[in-house]
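Build out the structure end to end from the sequences listed, making use of the hints.
As you go down the protein sequences, you meet chains A and B in turn.
The first sequence stops at residue 289 when you use our numbering, and every number in between is there.
The second sequence stops at residue 289 when you use our numbering, and every number in between is there.
Hints are not guaranteed to be accurate.
[What the hints assert, rightly or not] Partial selection, computed: residues in chain A whose CB lies under 7 Å from chain B: (1) M1; (2) P9; (3) V12; (4) R13; (5) L16; (6) R20; (7) V27; (8) H29; (9) R31; (10) L37; (11) A41; (12) P273.
Because the hints were derived from the structure by calculation, they are not lab data.
In this text, a Cβ means the ideal position worked out from N, Cα and C, and glycines have one as well.
2 protein chains.
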Amino acid sequence: MNTYLDCIPCFVRQGLEAARFVSDDPVDHERILRAALREAAEADLSQSPPAFAQLFHRWLRESSGVADPYRDVKERFNRMAAAMMPDLRERIAAAADPMYLALRLAVAGNVIDLGVKGGIGEGEAEGSIRRALDEPFEGDMEAFRAAVQGADSILYLADNAGEIFFDRLLIEQLPTERVVLAVRGGPVLNDATREDAEAAGLCDLVEVIDNGSDAPGTILASCSEAFRRRFAEADLILSKGQGNFETLSEEDANICFLFRVKCPVIAAHAGLPLGSHAAIRWTRQTERV
Amino acid sequence: MNTYLDCIPCFVRQGLEAARFVSDDPVDHERILRAALREAAEADLSQSPPAFAQLFHRWLRESSGVADPYRDVKERFNRMAAAMMPDLRERIAAAADPMYLALRLAVAGNVIDLGVKGGIGEGEAEGSIRRALDEPFEGDMEAFRAAVQGADSILYLADNAGEIFFDRLLIEQLPTERVVLAVRGGPVLNDATREDAEAAGLCDLVEVIDNGSDAPGTILASCSEAFRRRFAEADLILSKGQGNFETLSEEDANICFLFRVKCPVIAAHAGLPLGSHAAIRWTRQTERV
Chain A
1 MNTYLDCIPC FVRQGLEAAR FVSDDPVDHE RILRAALREA AEADLSQSPP
51 AFAQLFHRWL RESSGVADPY RDVKERFNRM AAAMMPDLRE RIAAAADPMY
101 LALRLAVAGN VIDLGVKGGI GEGEAEGSIR RALDEPFEGD MEAFRAAVQG
151 ADSILYLADN AGEIFFDRLL IEQLPTERVV LAVRGGPVLN DATREDAEAA
201 GLCDLVEVID NGSDAPGTIL ASCSEAFRRR FAEADLILSK GQGNFETLSE
251 EDANICFLFR VKCPVIAAHA GLPLGSHAAI RWTRQTERV
Chain B
1 MNTYLDCIPC FVRQGLEAAR FVSDDPVDHE RILRAALREA AEADLSQSPP
51 AFAQLFHRWL RESSGVADPY RDVKERFNRM AAAMMPDLRE RIAAAADPMY
101 LALRLAVAGN VIDLGVKGGI GEGEAEGSIR RALDEPFEGD MEAFRAAVQG
151 ADSILYLADN AGEIFFDRLL IEQLPTERVV LAVRGGPVLN DATREDAEAA
201 GLCDLVEVID NGSDAPGTIL ASCSEAFRRR FAEADLILSK GQGNFETLSE
251 EDANICFLFR VKCPVIAAHA GLPLGSHAAI RWTRQTERV
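The following block contains the structure:
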């Protein structure tokens with residue numbers, strides 16, 4: 001999707017929040033904020049929001065010399081998620097429909113998104129995940145189950161650190177021998193990289209690849225050729241998070257998008273209620289299954 | 001107060017919302033948003049937020065040729081407020097402490113602020129005002145009463161259209177022969193001008209002056225000399241809204257600030273809980289009565 005005008009104030013807020021991740025000095029914060037404003041003033045709105053964020057965060061890492069500003073917070077969310085796993089795994093094992101509960105929890109974990117809301121803390125995220133089943137669900141569980149059963153190869157696109165533990169709960173319900181998990185090729189925001197997949201024990205469960213890109217989404221042109229080949233060959237792509245939706249919603253592929261609808265722009269673009277948990281297929285013709 | 005870095009993303013959002021008040025054409029919206037971003041990138045943060053907003057909105061009116069972009073919405077809120085008056089006036093008449101209820105309602109009316117939240121509708125505002133007494137109150141009613149009784153002249157600084165009807169409820173509880181009401185000197189955002197004071201019938205109740213300025217606050221250097229004289233001569237100033245607080249909090253004058261704490265920046269600056277209703281005096285030494 002294109003970048004909407006309403007994305008721009010949100011970028012600026014994200015730029016200021018990011019500044020506080022690379023420095024404690026208000027002089028740096030002001031300099032970075034002014035740079036974000038200048039970049040936003042010239043932004044190419046025909047690109048997706050993650051394309052803009054990719055450039056900004058790359059510049060921020062290079063100019064600050066901080067290679068992975070969100071490393072600490074990613075680890076904090078990984079620890080929070082890890083602590084929730086034993087209880088959630090028991091609930092899934094006892095559930096009438098384990099795959100459905102695992103799917104709902106994987107989508108619920110998408111609340112851990114420091115792009116949309118920089119100030120979210122572990123406590124708020126945990127509470128939100130525990131209330132997950134109370135949120136409206138937009139999707140067709142039987143269609144999801146059939147898509148999984150009919151796929152010889154499934155490419156699962158991870159989104160954020162912390163969240164990736166909840167992805168594992170869903171992946172455990174899939175035919176793991178047919179699943180490949182893809183993470184970002186390098187640090188950007190709190191997006192999951194290989195370290196986070198390892199922290200969640202996913203490297204022992206499925207094949208893990210990276211997409212070769214530092215965009216907070218999946219911009220195919222920015223990904224490695226090896227990733228693009230895996231993407232093209234997959235029977236089914238399970239795409240987590242808004243960033244992957246924003247960058248892949250117009251791709252001609254068999255994609256099921258799993259995400260929380262966290263902002264009014266995405267709600268309007270996808271035609272889904274704000275706050276809902278989505279498991280949808282999507283085509284250029286807005287055909288949804 | 002100075003402009004905080006956290007005010008900047010909010011300015012940008014306000015700039016986009018303002019664009020939609022002067023035009024229905026997305027091309028205009030983009031042009032105005034990019035101009036707001038460029039202005040924000042060069043903003044003088046030693047000035048107060050209303051100083052920045054004054055320049056932006058003046059440019060917007062001049063470049064669009066729309067002299068009063070918020071005129072329609074101001075009239076809508078005036079009508080909403082007018083419809084609420086008979087019931088509220090009965091409640092005040094029956095109250096154990098009519099001045100306290102009128103004060104609370106005047107502060108509650110400060111929810112009608114299109115700078116802080118452009119999208120607020122009449123229904124939301126009305127509901128919020130009806131729940132006013134449930135919100136925490138930061139102030140000392142007896143100190144307020146004593147300040148009013150001890151003042152030979154009271155200058156009441158209005159804030160927004162619609163809200164000004166709720167100001168009237170409080171002004172009716174004051175010694176009206178000693179009250180002068182000041183409105184903005186020209187249109188800016190949904191701030192009240194003389195038309196709105198007339199709509200609320202205030203010109204028949206008290207002397208109404210304008211401050212000669214088009215800032216969404218009271219920047220004394222931008223006000224007329226006549227207004228500055230009235231300001232200097234008043235025994236007590238009752239200052240409504242965040243914009244007036246942001247621009248007058250460091251003035252050496254006997255000011256009681258009446259406002260809703262509507263954003264985290266003001267909450268932190270004033271040391272008051274977000275969402276609270278304030279009736280506070282304030283000095284450079286942060287002495288509060």
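Right, here's what the structure says about each hint:
| no. | hint | in the structure |
| --- | --- | --- |
| 1 | M1 | violated (15 Å) |
| 2 | P9 | holds (4 Å) |
| 3 | V12 | holds (4 Å) |
| 4 | R13 | holds (4 Å) |
| 5 | L16 | holds (6 Å) |
| 6 | R20 | violated (9 Å) |
| 7 | V27 | violated (11 Å) |
| 8 | H29 | holds (6 Å) |
| 9 | R31 | violated (11 Å) |
| 10 | L37 | holds (4 Å) |
| 11 | A41 | holds (4 Å) |
| 12 | P273 | violated (17 Å) |
Checked against the numbered hints above, the structure breaks hints 1, 6, 7, 9, 12 and satisfies the rest.
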